[in-house]
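Working from the sequences, and respecting the hints, build out all of it.
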Amino acid sequence: MEIIGWIIWLLVAFLAVSFAFGTRQYAKVRAPSQNATAVQTFFWWVLAVAFLVSDWNKLHLFWAIPAAFFGGQMVGLGAIPLVSPLVLILTRIFIGIILIGVKVPSEEEITQPQDPLDSE
494 MEIIGWIIWL LVAFLAVSFA FGTRQYAKVR APSQNATAVQ TFFWWVLAVA FLVSDWNKLH
554 LFWAIPAAFF GGQMVGLGAI PLVSPLVLIL TRIFIGIILI GVKVPSEEEI TQPQDPLDSE
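Going by our numbering, the residue at position 102 of the sequence shown is 595; the numbering climbs one at a time, nothing skipped.
Hints listed in this document are in silico derivations from the structure and should not be mistaken for laboratory results.
Restraint ranges, calculated between C-beta atoms of paired labels, are given here:
id, residue 1, residue 2, range
1, Met494, Val595, 32 to 42 Å
2, Leu552, Ile590, 24 to 34 Å
3, Tyr519, Ile582, 17 to 27 Å
4, Pro574, Leu503, 29 to 39 Å
5, Phe555, Gly515, 22 to 32 Å
Glycine included, each C-beta is placed from N, C-alpha and C at the ideal position.
Quick look at the structure:
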């Protein structure tokens, strides 16, 4: 059963890394991002780190993954009055850390077409 727990944890770690990578890619092209996606990214990282450093049974991820998914949707929409503002503040801090080093293009760079043959 421990192997199944580690496999589920690997899924959560993959979601955390892929959502963070996607957030960075969206920021590079100045694409809009939804609060729910940012909160889910934060929740995936919290789950991955919490279950890695603690001695909690990783099979608890079977209920924690759906809770993080639906909780991210609810918190991102502001549907939980006392919790949503706190989680959104923590999420903004976390996303700010994830986006360190991302070069965001200016408006002029976005609106001007680029020749794909140009080398940088």
